[in-house]
Amino acid sequence: MLVKEFRVMLPLTVEEYHLAQLYGVAEVSKRETGGGEGVEVVKNEPFRGHALLGGKFTEGQYTYKIYHLKKKVPAFVRLLAPEGALEVHEESWNAYPYSKTVYSVHQLSPAKWQAVEVVKVDIVNDPIRPEDYKEEEDPTLFKSTKTGRGPLRGTAWWAAVSLGEDLGAF
Numbered sequence: 001m002l003v004k005e006f007r008v009m010l011p012l013t014v015e016e017y018h019l020a021q022l023y024g025v026a027e028v029s030k031r032e033t034g035g036g037e038g039v040e041v042v043k044n045e046p047f048r049g050h051a052l053l054g055g056k057f058t059e060g061q062y063t064y065k066i067y068h069l070k071k072k073v074p075a076f077v078r079l080l081a082p083e084g085a086l087e088v089h090e091e092s093w094n095a096y097p098y099s100k101t102v103y104s105v106h107q108l109s110p111a112k113w114q115a116v117e118v119v120k121v122d123i124v125n126d127p128i129r130p131e132d133y134k135e136e137e138d139p140t141l142f143k144s145t146k147t148g149r150g151p152l153r154g155t156a157w158w159a160a161v162s163l164g165e166d167l168g169a170f
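For the sequence shown, the UniProt record's numbering begins at 1 and goes up steadily by one.
It is possible that some hints are incorrect.
Distance ranges between label pairs, derived from CB positions [claimed, not checked]:
hint, residue 1, residue 2, range
1, 29, 81, 19 to 25 Å
2, 73, 156, 31 to 37 Å
3, 111, 158, 30 to 36 Å
4, 83, 156, 43 to 49 Å
5, 143, 79, 42 to 48 Å
6, 115, 145, 42 to 48 Å
Treat the hints as calculated values from the structure; they're not laboratory data.
No residue lacks a Cβ here, since even glycine has one placed at the ideal position from N, Cα and C.
Turn these sequences into a full structure, and let the hints guide you.
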């Protein structure tokens with residue numbers, strides 16, 4: 001089985017990422033849901049007593065979602081895929097600034113994780129298909145009036161964005 005982990009460098013602080021994640025999840029849910037496809041939010045409720053990061057965080061927001069992907073794949077894949085194979089179940093515990101998200105798609109042992117290919121995604125320089133391009137989402141054109149960051153340009157754009165902290169979302 002081929003498994004890849006995509007890593008996306010973003011010019012955000014931890015707090016900005018938190019807001020962006022909330023916005024992004026809401027936006028994708030709104031855009032992709034309808035007719036039995038998209039994101040199904042099964043649960044969205046506060047949690048208490050679920051220890052995260054060695055008990056450092058014990059309360060926050062819990063969500064359980066199902067991503068229905070049938071219409072996102074070619075017809076021949078739909079014909080070959082067994083029932084339920086084109087659904088991704090996600091559980092997430094958000095105890096800002098820490099969050100834990102579990103997807104049902106891998107269930108890999110530590111030994112199998114060693115074979116996972118890491119793909120670094122460059123939001124500035126990686127090619128994008130013309131049908132996916134949106135000028136209002138182009139990081140090479142956008143300048144934030146709030147942070148002063150942007151437009152992002154060059155092969156080392158991330159080095160020019162000094163935020164004083166590291167953020168990893170995998």
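> Can you list which hints this structure breaks, lowest number first?
Replying inline: Those not satisfied: there are none.
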